[in-house]
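Using the sequences plus the hints, can you model the full thing?
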Amino acid sequence: MDEILEILEKDGRASIEDIAKMIRKKPDEVKKSIRKFEKDGAILKYKAVINKELVKDTDSEVRALIEVNIVPQKDLGFDKIAERIYSFPEVSSCYLISGTYDLLVIIEGKNIHTVSNFVAEKLSCLENVRGTATHFLLKKYKEDGVILKHKVQNQRENISY
Amino acid sequence: MELSKVVEKMQPSGIRAFFDLVLGMKDVISLGVGEPDFVTPWQIREAGIYSLEQGFTSYTSNKGLYKLRLGIHRYLKNKYGLDYCPDEEILVTVGVSEGLDLVLRAIINPGDKVLIPIPGYVSYGPVTELAGGTPVYVDTSKNGFKITPGLLKKYIDKKVKAIVFNYPANPTGISYRRKELEQINRFLLKHKILCISDEIYDDLTYDFKHIAFPTLPLAKKNTVYFNGFSKSYAMTGWRVGYACGPKEIIAAMTKIHQYTIMCVPITSQMAAAEALVNSKHSVDQMKREYNRRRLFIFSELNALGLKCSRPEGAFYMFPCIRSTGLSSMDFSRKLLEEQKVAVVPGTAFGAPAEGYIRISYASSLDNLKEALVRMKRFLEKRRSGR
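So the sequence lines, in the order shown, correspond to chains G and Z. Numbering-wise, my numbering puts 118 at position 118 of the first sequence, and it's gapless, one number per residue. Numbering-wise, my numbering puts 206 at position 206 of the second sequence, and it's gapless, one number per residue.
Rather than coming from a laboratory, the hints here were simulated on the basis of the structure. Glycine included, every Cβ here is placed at the ideal spot set by N, Cα and C. Don't take each hint at face value.
Unchecked claim - FRET-style restraints, in silico, Cβ to Cβ: (1) Z/VAL373 / G/PHE136: 42 to 52 Å; (2) Z/LEU23 / G/GLU9: 33 to 43 Å; (3) G/GLY12 / Z/ARG383: 30 to 40 Å; (4) G/SER160 / Z/HIS191: 29 to 39 Å; (5) Z/LEU304 / G/ILE112: 52 to 62 Å.
Quick look at the structure:
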């Protein structure tokens, strides 16, 4: 992966000047590359990683993983039906999976009812959906490579040879 | 009680007092640390834990677990094409530190001299003295901190038996390219000087490929090669290193090792064995991160007017601070007291390093940035004479 992307993937707030110093390029060149990544869609957006367990008044307190079995459509395969599903704002992630089911859909809702309503009234009723299995998420430990726990302070001595 | 004369004259007291000052202070941003800021990669820690669960709590063979020695053999063969026999030519030690002590004790007779380039790692001289040898300090400060045959020539006589040096180097961050090493090797062979090569930072070579000393022409028989797990795998606290060399030297070292240490703790050896087979990805990741910090801080230090060359390896910068008019010690002490930033005075690594400080970039980028802001404040205050 491009080194600029590698740096930004770790720290979306890294400044152009700092990146330029880290990879020995001119700030203008870095700026240009980032613009290009943004234009091409390699960089889609910048966001904070939030540990929602610590945010009490959140709107999305319940998450569920839903296994969805699909009847693929002629010519379109899974893509069209996947699009119908992931376009719902409740869907936070949607993946096509190999194995015993087809789509893995991750839903966020205020409470258990909003999630079950979504499954019962929206998802299951779709023409090509053959069946669903819903798993409610109990606790998050790690997400996208980030461990959701405060790091233990570094225990090195402050000076050594 | 009267203490050993050799021990009594060891350790420059000023440096110790400065270290104590740093260790006693809270909320210090430290660029003074000689170890990685990463934690040992999980797969390695997990292997250590698993070995405990399995009940591996005994002594091992004095030379180290065969599994680990075989791992080292394969690793070096793969990486450098070096062929050391796991039975006779490899010894697992408590870090490279123990290994260096062993080799010097194994080869030195009273009156023997050992060449030690300075500024250099702090243990080489004292360990030579403890072994009954005489350190001959080679001042590299006017030679770009490097040794060359021309420089070494000025320091040798019939009594010189060995040289101890490391590259990439702590504290200067310099390293050597093949051509330079070949010249040094030819010189050492010609004068029958044993090469004790501490290559603990080999994986942290940034601008070119590291050349292991024993891979040079005819060098293997005249070299004791040292490496370990501390820096590449962020395993300082596990204390595992190894020595590879001619079998008679390794056998002599093993004799001392078996009486003084018995063996390296088995948990550490188990973890180290795992590190060798399954951690290339982690090592690469850490190296890339160090490299970014290196380039970042290099650019920043020069912008601050602290001149330094771009280091080729390890995780140290060695900037010159003479422009401030302060000595290494005064600079370090004042920077600590006024801005709570810890660095190591160059003189900790030998008197010729007066006018330099060692900055370690084994620290997060945020820490480095904050430290640089404080250093800037410190320097501006001095320059405006306030």
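Each hint tested on the structure:
1. For Z/VAL373 and G/PHE136, the hinted distance range of 42 to 52 Å is satisfied, since their beta carbons lie about 47 Å from each other.
2. In this structure the supplied range 33 to 43 Å holds for Z/LEU23 paired with G/GLU9, their Cβ-Cβ distance being about 36 Å.
3. A beta carbon spacing of about 36 Å between G/GLY12 and Z/ARG383 agrees with the range 30 to 40 Å that was offered as a hint.
4. Between G/SER160 and Z/HIS191 the Cβ separation comes to about 35 Å, which falls inside the hinted range of 29 to 39 Å.
5. Here the CB-CB span from Z/LEU304 to G/ILE112 is close to 58 Å, well matched to the stated 52 to 62 Å.
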